[in-house]
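The listed protein sequences correspond, in order, to chains A and B. Sequential numbering from 1 applies to the first sequence in our numbering. Sequential numbering from 412 applies to the second sequence in our numbering.
Since the hints were derived computationally from the structure, they do not count as laboratory data. One should not assume that every hint holds.
[As the list claims (entries may be wrong)] Below are the BS3-like pairs computed for lysine-lysine, each with C-alpha atoms no more than 27 Å apart in a straight line:
(1) B:Lys499 x A:Lys95
(2) B:Lys498 x A:Lys95
(3) B:Lys481 x B:Lys515
(4) A:Lys385 x B:Lys499
(5) A:Lys78 x A:Lys332
(6) A:Lys243 x A:Lys385
(7) A:Lys332 x A:Lys73
(8) A:Lys95 x B:Lys578
(9) A:Lys385 x A:Lys242
(10) A:Lys95 x A:Lys242
(11) A:Lys385 x A:Lys73
(12) B:Lys578 x B:Lys515
For reference, the chains in residue letters:
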Amino acid sequence: MSDEKISQAERDEAAHFASRAAAAGVARPLAGKGDTPASSSAEPPTLFDVQEMELNFGPQHPSTHGVLRIVLKVDGEKILQAIPDVGYLHRGTEKLFETETYPMGIPHTDRMDYVAAATNNHAFCLAVEKLLDVEVPRRAQLIRVILDELQRLSSHLVWLGTSGIDLGAVTPFWYAFREREQILDFFEEYCGARLTLNCMRIGGLPFDLTTGWIERLFEFVDDLPARIDDYEQLLTDNRIWKKRTVGIGVLTAAECIEWGLTGPIIRASGVEWDLRRAQPYECYDELDFVVPVRQNGDTYDRYVVRVQEMRQSVRIIRQCLERIEAGDIRGKVPRVIKPPAEEIYASVESPKGELGFYCVSNGTNRPYRMHCRPPSFINLQALPKLAKGHLISDLVALIGTIDIVLGEVDR
Amino acid sequence: MAEEPKPPAAAGHAEPAKPKPAAADAAGHPWVASIRAALPDAVVAAKEFAGQITVTVAREQIAAVARHLKEKEDFGYCVDVTAVDWKKREPRFDVVYHFYSFSKNDRIRVKCGAAEGEAVPSIANVYLAANWSERETWDMFGIRFSGHPDLRRILTWEGFHGHPLRKDFPLEGIDTGAAIYPEEWPEGGGPSPTDPNRKVVS
Chain A
1 MSDEKISQAE RDEAAHFASR AAAAGVARPL AGKGDTPASS SAEPPTLFDV
51 QEMELNFGPQ HPSTHGVLRI VLKVDGEKIL QAIPDVGYLH RGTEKLFETE
101 TYPMGIPHTD RMDYVAAATN NHAFCLAVEK LLDVEVPRRA QLIRVILDEL
151 QRLSSHLVWL GTSGIDLGAV TPFWYAFRER EQILDFFEEY CGARLTLNCM
201 RIGGLPFDLT TGWIERLFEF VDDLPARIDD YEQLLTDNRI WKKRTVGIGV
251 LTAAECIEWG LTGPIIRASG VEWDLRRAQP YECYDELDFV VPVRQNGDTY
301 DRYVVRVQEM RQSVRIIRQC LERIEAGDIR GKVPRVIKPP AEEIYASVES
351 PKGELGFYCV SNGTNRPYRM HCRPPSFINL QALPKLAKGH LISDLVALIG
401 TIDIVLGEVD R
Chain B
412 MAEEPKPPAA AGHAEPAKPK PAAADAAGHP WVASIRAALP DAVVAAKEFA
462 GQITVTVARE QIAAVARHLK EKEDFGYCVD VTAVDWKKRE PRFDVVYHFY
512 SFSKNDRIRV KCGAAEGEAV PSIANVYLAA NWSERETWDM FGIRFSGHPD
562 LRRILTWEGF HGHPLRKDFP LEGIDTGAAI YPEEWPEGGG PSPTDPNRKV
612 VS
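Extracted from the complex, chain A is given alone in its bound form (with noise of 0.2 Å):
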């Protein structure tokens, strides 16, 4: 009798969890103890056995940077398997440029990696220039390279601070944030603009310098190296910082390559490569500058690599500023850009890796075709490799050590 009562409850339990586990979306067929004899000889399971779950991060969630959607399988805390789901932010970039002609490609690509917009023109123009056969001035090759460092030093100021904040260091944040102020204020007074420069033509520039600014770079950049020092001190021997990013996310040179990962990535496991110094475009051969590598390809090596091509970026604008004379802006390009009916590829080193456009023209003034070689694309397929094995918070150290702008991950 009471044995009975004792059941009956039991089963009422089990009832209980098993709704419950079916609106969870858990397909498990439940067995209660004393329940269905006919499944005793099999070994009873365990209600809370369920090792495998799906969970969805993002595309709302602060720390994917974006609009990035993963799709987790996870272990309690353990991810078995990752998989992005990209495109959220996809607006035909591409298509865009074929209907427009060459020079009105360039505001189209300050809005696919819109923290680095000059090297985005820079890339564009580069290409285009190639298949024209231009040579650009030495001043506006001089200003081009500035820009494109200072490019690098707020793209990186971005990604510290926020990657920092990811993993819980929000002091790091402001400090970065006031020094992107102030080279974003370099950028507006040169051409307007703050984050969409639009700030290169085909063939050289819009503008010349306003009066005072080299003036105030070499200020900045004369002050720059203090502040850096300044976020070393804040993580690069804090322990927390350490425990969070060392071993974490390991790719080995082999596995860089074979993934195609490019920029502070590949340095960060050992391969010195780095499209201004393998192939070198404007007046970076001149330029004396160290390309840092590291050896252990974790995401502590990538944030020590990122650190550290700060400081080139300003050893590189301080021999631009030196450099810099008087002359022309733009060189000889025709009013109306017609390319020969050729083909071209021409890549950068944006902040994030190899950035190159692969223009194909027919004659006309706008371009057949015209595709971007995204680096945030072509990194963020490493992802379901680096998460693998590894835990849900460390996710977020490796999205921000990828360091995606989905807005070029899906242009």
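Position chain B relative to chain A; hints supplied.
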């Protein structure tokens, strides 16, 4: 080049001092010779423009060519995979690959033609980096890659009909309700021929 639809238009600004950049035949280039030696019937054409080598190969041979370039010529890094829609040409599409060699510090561009509905052998098993790029090419142009491990749409969503970078896809897009009317918007077919908003660009 036979596959270009138009000869280069004469520019209004004549500059006699500088010769116009022109493509040269690159059949004798060592990389082209190497491909030809390993795969005798693969190379269709080769040209050089602005220091960039372009090799056109047979569609069936593309995976073999990629493997040869990777293993024998040390082009270890697949930069990019994309396509060009020539609309009126036969075959309609060019699938374009860029490879980079760290030891040579140089790039090679490999192209192969693909007609409407023809599948191109996937190189995602040769270069892991080509996986997403091939998915993007499938999504944007509707070119299938045979042997691809996971050929799904990537930038548009599953169930989207049409391939946006085809020249006959309207610039203003299609009604995204299209996905629920497969009889009116056939998969892979671009915009419906009966659509009054259909506009053919370029």
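For each hint, the structure was consulted:
no. : hint                : verdict
1   : B:Lys499 x A:Lys95  : 18 Å, holds
2   : B:Lys498 x A:Lys95  : 15 Å, holds
3   : B:Lys481 x B:Lys515 : 12 Å, holds
4   : A:Lys385 x B:Lys499 : 41 Å, violated
5   : A:Lys78 x A:Lys332  : 59 Å, violated
6   : A:Lys243 x A:Lys385 : 21 Å, holds
7   : A:Lys332 x A:Lys73  : 57 Å, violated
8   : A:Lys95 x B:Lys578  : 9 Å, holds
9   : A:Lys385 x A:Lys242 : 21 Å, holds
10  : A:Lys95 x A:Lys242  : 44 Å, violated
11  : A:Lys385 x A:Lys73  : 13 Å, holds
12  : B:Lys578 x B:Lys515 : 36 Å, violated
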